[in-house]
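K.L.:
The residues making up each chain are set out below.
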Amino acid sequence: MIKAILIFNNHGKPRLIRFYQYFAEDMQQQIIRETFHLVSKRDDNVCNFLEGGSLIGGSDYKLIYRHYATLYFVFCVDSSESELGILDLIQVFVETLDKCFENVCELDLIFHMDKVHYILQEVVMGGMVLETNMNEIVAQVELQNRMEKSEFVFISRM
Amino acid sequence: MKEIMVRAIYCEMLGYEASFSYIHAIKLAQQGSVLEKRVGYLAVSLFLHESHDLLLLLVNTVLKDLQSTNLIEVCMALTVVSQIFPKDMIPAVLPLVEDKLTHSKEIIRRKAVLALYKFYLIAPNQVQHIHDKFRKALCDKDPGVMTASLHIYLKLIKESPESYKDLTDSFVTILKQVVGGKLPVDFNYHSVPAPWLQMQLLRILALLGKEDQRTSEMMYEVLDESLRRAEINHNITYAILYECLKTIYTIHPKSELLEKAAKCIGKFVLSPKINLKYLGLKALTYVVQQDPNLALQHQMTIIECLDHSDPIIKRETLELLYRITNGQNVSVIVEKMLDFLRLSKDEYTTIDLVGKVAELAEKYPFPYNSWFIQTMNAIFSIGGDVMQPDIPNNFLRLLAEGFDSDEEDRQLRLLAVDSYLSLLECDTSGLPQRFLQVISWVLGEFSFLKEGLEPADVVERLGKLLDDDAITTETRCWVLAAMSKLCGSSDALCKAEKVAHKYTSCLDTALRQQAVELELLGRDVDLRTRVLPQHGFCVWLQVDSSLSFLDGFVSDALARGAAPYKPPHQRQEELSQEKILNFEPYGLSLPVSLSACSLTDRQSPTALSLSSSLSNLLKLEGVKRVWGKQGYLPEKQATEEALAQEPSSIFAPSHQQACSESQQTTFSTIVEQDQEKRQLASSLFVGLGSQNLGKPEASSSQRFRRKVRPEDPSDVNRSLAVSSSFSHSSSALDVLLDNAIPDPTNLSDSTSEAVPAVGNTEVVEASEVSSLSGGSGPLAQPSSQVERGLESDLPSRLPATLVGLLRSDVEELCSGESLSLSACKVFDADALVLAIFLSNISDSSIQEVSCLISSEQLKVPEMCSTFSVLSFYLNVVVSLYRLVMEAPGTQAIVRGSVSCASQATQSFSLTLSLVDFIRPLPLTTEEYGKMWLSFSHDVKQNLMLLKHEEEDQLEAALTALKEKLCLHIVDVIGAEGIMACQLVSGRPCLLHCHTHGGMLAIWLRSPIADLPDCLLYHCQKAIQER
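So the protein lines, in turn, are chains A and B.
FYI, full-length UniProt numbering numbers position 154 of the first sequence as 154, with every residue one higher than the one before it.
FYI, full-length UniProt numbering numbers position 716 of the second sequence as 716, with every residue one higher than the one before it.
Okay, chain A solo, but in the shape it has when bound:
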């Protein structure tokens, strides 16, 4: 199961956080800080997995991350997830963002954070991987957007 998904930039500023297990507000912030601390000091040429640490759920916990330009995408998962599988899931997620925002950058995440959440909701639901097919995810998100727009037009006409 995926316990949390964290996206933060090179300075440790959170850009998107989504926890699938409850933590108190200050605990969440601490997790973000410590995760950033762990991840940021690693070179780009070392492996993308981090094990150990007792932040979330004791020892059954590993971090799988990818670094894109200014952003770190970190997935905290338990032992039931495959490392490489999650690594590619991050890739899928980022590619999907790229497709939806057309050349996604950090600013997109800041100004459209609700949209990012909707996309994430189509990929991961309640900690479980829901969909891994990029086209399918994009189609779902677009369908929602379309329906909303039509309703919006309908309301504004009234």
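A portion of the hints provided could be inaccurate.
Stated by the list, open to error - Quick list of simulated restraints, FRET-style, between CB atoms: (1) B:Asp-556 to A:Tyr-22: 45 to 51 Å; (2) B:Met-999 to A:Tyr-22: 29 to 35 Å; (3) B:Ser-271 to A:Tyr-68: 54 to 60 Å; (4) A:Glu-142 to B:Gln-891: 46 to 52 Å; (5) B:Pro-86 to A:Tyr-68: 35 to 41 Å; (6) B:His-501 to A:Lys-13: 53 to 59 Å; (7) A:Asn-45 to B:Ile-4: 42 to 48 Å; (8) B:Arg-895 to A:Ser-79: 26 to 32 Å.
To be verified - Here are the computed lysine-lysine pairs in the DSS-like style, where the Cα-Cα straight-line distance is at most 27 Å: (9) A:Lys-41 to B:Lys-450; (10) B:Lys-464 to B:Lys-450; (11) B:Lys-64 to A:Lys-115.
By construction, these hints were calculated from the structure, which means they are not laboratory data.
Each residue gets a CB set at the ideal place from its N, CA and C atoms; glycine is no exception.
Go by the hints and put chain B onto chain A.
P.N.:
Chain B alone, transformed into the frame defined by chain A:
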């Protein structure tokens, strides 16, 4: 509003409190247009958590949206339900989510499946009835829905692999289709068909095939296929390969597959990509216990990884080394680990590794005692104050309790004292507190062993420790305690008193107490000689752990009107009872049809305990390895031996060669480095092959086997316990069987030679029986008839005391070449008697048959019934076991095995339901009333009555319950009925049934915690099956 909400989310993300907006988020989700609703739901799922109070306000909205015709609304509702709904709200939405499983859109079905999975994780009891719907989801025509359902199956199979073996075939077929590219092209990812689905399936197969040859055989083909198909071109194929490897090594082994898998591991380990190298190391770690030779093949790579720049890789390598540790390489490996520890700063890694080093140091016979002390010292100074507290505790216990020989004990202690004294002479400010505590304890206990050492000296050195300001009060206590142990001589005493005096007015109570005690000791000479005998450190004191000396005090307090003590969990339960959420409609005006299945469930303790006990069970099974120490196949052993000689033959010559070269020519530095590595390799992997090591736990003799102390019950030998309980339980059976008159049977065999029963008392020898009845029974029936009649005939072999009782049908447990086993349950008043019939179905006689049963959930008389001879065809013996359920559970599994001299052990398992242990409890209404009030654990639930056309629903329901569950109907008053029953161990459970509007409300109460919950499950089943 929508924009504001998004901003509030942003604020929360940055860590600023925005709780004022929570209620607005809920409002937005309730009232807004779809656009706003979406933001509202998103905000709610981010802001709120399972136990937030505001969540209650959301229930109605979610219910409404679940029934909406708008696809998006339903999606949103399902998402929110799966993300934040707590246990007690699940009943409200469960029927609606269930309906969604048959929705026409696949995305809805898929989300519904995942939501149900989430429910299953939170409250497994509540979704028990929809397991067959999961099966339908597995067969869904859309692969997406099928994928989602695999989550559930992975979980279910992890909990009880036995019950899903029948699905193996389907999983294999699905995987075959996926691997074969039968899925639509949409599902391809980098031209690999549905990789995530493949991984999931492989994992399920691993669980199913574990320790099960027959199931494993079904998957060999498809595993081979996936290994072949995964051509190396992308990360994701490696991900599949990795899962494949794990599966191959988990299931029953097949040599061809193992060979291929070993090659694949090589690909991982040798890969230049660091991620793959990491996984390769992980795979090696996983595999090396079964096949140590693989590590030998890759030893140079492992050595390289040990010097890798990435600490994570290093750590993984050490983990691998830890697995291959044996008596010969332990010192090298421990040294490597300590090297790593000195450089590492990560706290978690330190804790973990320190624990491992300590374990290794204690477990393996090491070259010198001093090595052990040095290693432990290194651990204490590196691990410092973050390590697990049981490491120093274990160390001290080892020192205190000693090992097998007294001389070595003395030597070890002396070494410890020596090393600590020299440590104290140096600067002590850098040492961690825990280490100082260990030092002071050891010096306090054992410094007398060192001859010529004045206690006063030690006291002085310890006293110096106290001068340091950085020392915590806890350590000060340890130091003072050590000092008071050293107060044997007046010299030391006076020094110690001086120090202690400083602390007699200290604010910390523990420290102060220690100091005052020391002063008192100083004043009273008699006391001192009594408390501190010379050299008397190992006297074990009897401690009254039940605190019985306080009984008087307790009864006094009770007499004065104090409340009786309640254990914390009971107190908590009583508190939580006041906070039950009512989901029943107050009137019929509620728009939603809650009545479909409204379970007013509180926390059900069994849900937790059940799952935990299940996982326990799993863990135990996991202990057994597919690969024994000797490997599976005989030829395997041969190759292993051949390989075992290899390392020495490879390394020894090259070593010598290099040495001679060095004498003759000036060798280049590169050669030297290489040489170093090779040397390291040979020291690390020494003894790996030759010792044929299986698991590190089992590989070498434990040096530090603790002495068995009679006071310590955990140390008592298990075989002892078994034998003592044997005599105990058999005496109980003696009573039962003494007056067991053999029942005449119509099976008589003219060839019977009346072998005298040499078995135990609990055996009814069938041959005796038949010889007794030989005259009256029909003579020499044809054997085919006998065979047919065997099943129905078996019950008649029960002893007479059990004949009149209710019993179940005889069911066959297992049958081998010569033995056939059947069982029958007899419902005695105070126990469930399990009768196991062993019949000889071969022509020859069977010697020394013994039968052993055990169960984790039941109290089983631990005995092994042995029958000397089962002499002839269709000779039957009966073995009886009286089972009592102590802690209630919905079911209990009894495992057993039968062995005899000539053939392999046959094992069997039998599942008993709680119902088997339930007996009616005859009560009057008055007694019932009294008992009802006195019981503290209760559970209440509404069950649906299916048959509306029935005249008297209550009557019908009660009869059904009575028949299925053996309950006693106490009384029926109007629309209410009361019933009573008891567990065979004598503990009652009361039921109260009430019908209203087609619903049956059941309310159970009992003095023990889990009984109502478990019984409720069976009531539910009984009503449904009706």
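K.L.:
Each of the hints needs a verdict: does it hold here or not?
P.N.:
Quick rundown of the hints versus the structure:
Between B:Asp-556 and A:Tyr-22 the beta carbon distance is about 46 Å. The supplied range of 45 to 51 Å therefore holds. Against the hinted window of 29 to 35 Å, the Cβ-Cβ separation of B:Met-999 and A:Tyr-22 comes to about 34 Å, which satisfies the hint. Roughly 23 Å separates the CB atoms of B:Ser-271 and A:Tyr-68, a value that falls outside the hinted 54 to 60 Å. A beta carbon spacing of about 49 Å between A:Glu-142 and B:Gln-891 agrees with the range 46 to 52 Å that was offered as a hint.
Separation of B:Pro-86 from A:Tyr-68 is about 36 Å and conforms to the stated range, judged on CB atoms against 35 to 41 Å. Taking the beta carbon of each, B:His-501 and A:Lys-13 are about 57 Å apart, inside 53 to 59 Å as hinted. Between A:Asn-45 and B:Ile-4 the beta carbons are some 44 Å apart, a value that agrees with the proposed interval 42 to 48 Å. Separation of B:Arg-895 from A:Ser-79 is about 28 Å and conforms to the stated range, judged on CB atoms against 26 to 32 Å.
With a C-alpha separation of about 50 Å, the suggested pair A:Lys-41 and B:Lys-450 falls outside the 27 Å cut-off, and the hint is violated. Our distance criterion of 27 Å between C-alpha atoms is met by B:Lys-464 and B:Lys-450, whose separation comes to about 20 Å. For a cut-off of 27 Å, the pair hint linking B:Lys-64 to A:Lys-115 stands: about 24 Å separates their Cα positions.
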